[in-house]
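Undergrad: Next come the chains, spelled out residue by residue.
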Amino acid sequence: AQSVTQPDIHITVSEGASLELRCNYSYGATPYLFWYVQSPGQGLQLLLKYFSGDTLVQGIKGFEAEFKRSQSSFNLRKPSVHWSDAAEYFCAVGARTGTASKLTFGTGTRLQVTL
Amino acid sequence: DTAVSQTPKYLVTQMGNDKSIKCEQNLGHDTMYWYKQDSKKFLKIMFSYNNKELIINETVPNRFSPKSPDKAHLNLHINSLELGDSAVYFCASSQGLGRTTYEQYFGPGTRLTVT
Chain L
1 AQSVTQPDIH ITVSEGASLE LRCNYSYGAT PYLFWYVQSP GQGLQLLLKY
51 FSGDTLVQGI KGFEAEFKRS QSSFNLRKPS VHWSDAAEYF CAVGARTGTA
101 SKLTFGTGTR LQVTL
Chain G
1 DTAVSQTPKY LVTQMGNDKS IKCEQNLGHD TMYWYKQDSK KFLKIMFSYN
51 NKELIINETV PNRFSPKSPD KAHLNLHINS LELGDSAVYF CASSQGLGRT
101 TYEQYFGPGT RLTVT
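Chains as they are written, first to last, in my numbering: chain L, 1 to 115; chain G, 1 to 115.
Treat the hints as calculated values from the structure; they're not laboratory data. In this text, all values refer to a predicted model and were calculated from it rather than measured experimentally. Incorrect hints may appear among the rest.
[What the hints assert, rightly or not] No farther apart than 30 Å at their CA atoms in a straight line, the calculated lysine-lysine pairs in the DSBU-like style are these:
1) K67/G <-> K44/G
2) K49/L <-> K52/G
3) K22/G <-> K36/G
4) K40/G <-> K68/L
5) K49/L <-> K9/G
6) K36/G <-> K61/L
7) K19/G <-> K61/L
8) K36/G <-> K52/G
9) K49/L <-> K41/G
10) K49/L <-> K36/G
11) K22/G <-> K44/G
12) K68/L <-> K52/G
13) K9/G <-> K36/G
14) K40/G <-> K22/G
15) K49/L <-> K44/G
16) K9/G <-> K22/G
17) K9/G <-> K61/L
18) K41/G <-> K9/G
19) K52/G <-> K71/G
20) K49/L <-> K71/G
21) K19/G <-> K71/G
22) K41/G <-> K61/L
23) K49/L <-> K19/G
24) K71/G <-> K9/G
25) K61/L <-> K44/G
26) K68/L <-> K44/G
27) K22/G <-> K41/G
28) K22/G <-> K49/L
[Unchecked claim] A few chain G positions that, by computed beta-carbon distances, are all more than 12 Å from chain L:
29) L11
30) D30
31) N50
[Claimed, not checked] Partial chain L-side listing against chain G, Cβ under 10 Å, derived:
32) Q38
33) F51
34) F63
35) T99
36) A100
37) K102
38) L103
39) F105
40) G108
Glycine residues also receive a C-beta, built at the ideal position from the N, C-alpha and C atoms.
Can you build the whole structure from these sequences, using the hints too?
TA: Right, here's the structure in full:
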């Protein structure tokens with residue numbers, strides 16, 4: 001069965017600083033990987049996705065993530081954080097079940113941005 | 001124009017009651033999901049329907065019964081509510097075709113509090 005680990009429960013960065021959120025996955029085949037963001041009191045928004053091909057994927061809001069098969073990782077990065085990026089970030093791995101997909105989420109990383 | 005909407009946003013009820021949460025999507029998707037997010041923000045899939053057919057049914061108490069009257073709607077009915085049912089319930093949808101199946105769009109969530 002697939003699983004996702006996000007080692008950092010809470011990260012604090014200064015506005016303008018760079019950010020890296022860690023994600024490790026366990027999956028028997030080629031993984032489909034995702035990062036979602038959840039702002040307080042809101043639903044989840046898809047930031048970016050990896051299916052195959054280029055291991056560096058670009059997403060919305062200036063985020064990018066790099067897939068490293070050898071390390072079973074899919075870390076999220078942003079070169080310069082804005083105060084509005086403060087939110088909960090979830091990494092997920094997807095598995096196909098018929099005509100649906102089952103996303104298995106990590107436990108999330110809360111990002112706090114200081115001014 | 002809201003893509004995935006849920007009603008109600010908040011639901012406070014007593015143990016033993018029966019309640020329903022409604023979800024509607026106007027994205028033209030044919031696959032819909034229910035997720036439960038517990039107090040520690042852990043997200044877990046509960047059910048998935050594709051065009052009114054149950055596809056995913058995780059280990060969920062049979063007090064929870066999803067119903068899909070058409071592919072744009074997926075409701076969740078909960079009987080005999082328990083304290084442990086308190087959580088945020090998210091509805092999501094995707095297009096059940098190829099890789100787009102994995103791109104799930106989430107609703108804003110329904111916070112259920114059982115007292």
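Undergrad: Now tell me, hint by hint, if it's right for this structure.
TA: Hints, verified against the model:
For a cut-off of 30 Å, the pair hint linking K67/G to K44/G stands: about 19 Å separates their Cα positions. A hinted pair counts as satisfied when its Cα atoms are at most 30 Å apart, and K49/L with K52/G qualifies at roughly 27 Å. Between K22/G and K36/G, the direct Cα distance comes to roughly 14 Å. Compliance with the 30 Å bound is thereby established for this hinted pair. For a cut-off of 30 Å, the pair hint linking K40/G to K68/L stands: about 28 Å separates their Cα positions.
Between the alpha carbons of K49/L and K9/G the distance comes to roughly 28 Å, so the proposed pair stays at or under 30 Å and holds. The hinted pair formed by K36/G and K61/L meets the criterion: a straight-line CA distance of about 26 Å does not exceed 30 Å. Of the pairs offered as hints, the one joining K19/G and K61/L is violated, with about 38 Å between alpha carbons and a cut-off of 30 Å exceeded. Between the alpha carbons of K36/G and K52/G the distance comes to roughly 20 Å, so the proposed pair stays at or under 30 Å and holds.
Proposed proximity of K49/L and K41/G is supported: the alpha carbons are some 21 Å apart, at most 30 Å. With a C-alpha separation of about 22 Å, the suggested pairing of K49/L with K36/G holds against the 30 Å cut-off. Between K22/G and K44/G, the direct Cα distance comes to roughly 18 Å. Compliance with the 30 Å bound is thereby established for this hinted pair. The suggested pairing of K68/L with K52/G is violated, with an alpha-carbon distance near 38 Å, which exceeds 30 Å.
For a cut-off of 30 Å, the pair hint linking K9/G to K36/G stands: about 14 Å separates their Cα positions. For the given pair, K40/G sits about 24 Å from K22/G by alpha-carbon distance, which is consistent with the 30 Å threshold. For the proposed pair K49/L and K44/G, the alpha carbon gap of about 19 Å is at most 30 Å, so the pair holds. Taking the CA atoms of K9/G and K22/G, the gap is about 10 Å. The hint holds against a cut of 30 Å.
Restraint check: the Cα-Cα separation between K9/G and K61/L comes to about 27 Å, which is no more than 30 Å; the hinted pair holds. A C-alpha spacing of about 17 Å is found between K41/G and K9/G, which places the hinted pair at or below 30 Å, so the restraint holds. For the hint pairing K52/G with K71/G, the CA-to-CA distance comes to about 6 Å; that is within 30 Å, so the pair holds. Of the supplied pair hints, the one linking K49/L and K71/G holds, its CA atoms being roughly 25 Å apart against a limit of 30 Å.
Restraint check for K19/G and K71/G: satisfied, since their Cα atoms lie roughly 22 Å apart, inside the 30 Å limit. Between K41/G and K61/L the alpha-carbon distance is near 23 Å, which keeps this suggested pair within the 30 Å criterion. With a CA separation close to 35 Å, the supplied pair K49/L and K19/G exceeds the 30 Å bound. About 21 Å separates the Cα atoms of K71/G and K9/G, which keeps this hinted pair within 30 Å; it holds.
Between K61/L and K44/G, the direct Cα distance comes to roughly 26 Å. Compliance with the 30 Å bound is thereby established for this hinted pair. Annotation: proposed proximity of K68/L to K44/G holds, straight-line Cα distance about 25 Å (limit 30 Å). Restraint check for K22/G and K41/G: satisfied, since their Cα atoms lie roughly 21 Å apart, inside the 30 Å limit. Proximity of K22/G to K49/L is assessed by CA-CA distance (about 28 Å); at most 30 Å being required, the pair is judged to hold.
L11/G, annotated as away from the interface, keeps every beta carbon of chain L farther than 12 Å; the closest lies near 15 Å. Residue placement check: D30/G does not keep its beta carbon more than 12 Å from all beta carbons of chain L (closest about 8 Å). At roughly 4 Å, the least C-beta separation between N50/G and chain L is not larger than 12 Å, which violates its mark as non-interface. Interface restraint check: Q38/L against chain G, minimum CB-CB distance 8 Å, threshold 10 Å, status holds.
The restraint placing F51/L at the interface with chain G holds, with a minimum CB-CB distance near 5 Å, inside the 10 Å limit. Against a cut-off of 10 Å between C-beta atoms, the interface hint on F63/L is violated, since the closest Cβ of chain G lies about 16 Å away. Taking 10 Å as the C-beta cut-off, the interface hint given for T99/L holds, the closest approach to chain G being about 4 Å. Taking 10 Å as the C-beta contact cut-off toward chain G, the hint placing A100/L at the interface holds, the least distance being around 4 Å.
With 10 Å as the threshold, the beta carbon of K102/L comes within range of chain G, its nearest partner Cβ sitting at about 6 Å, so the hint holds. Annotation: L103/L was flagged as interfacial toward chain G, and the flag holds, the nearest CB pair being 6 Å apart, inside 10 Å. The restraint placing F105/L at the interface with chain G holds, with a minimum CB-CB distance near 4 Å, inside the 10 Å limit. With 10 Å as the threshold, the beta carbon of G108/L comes within range of chain G, its nearest partner Cβ sitting at about 5 Å, so the hint holds.
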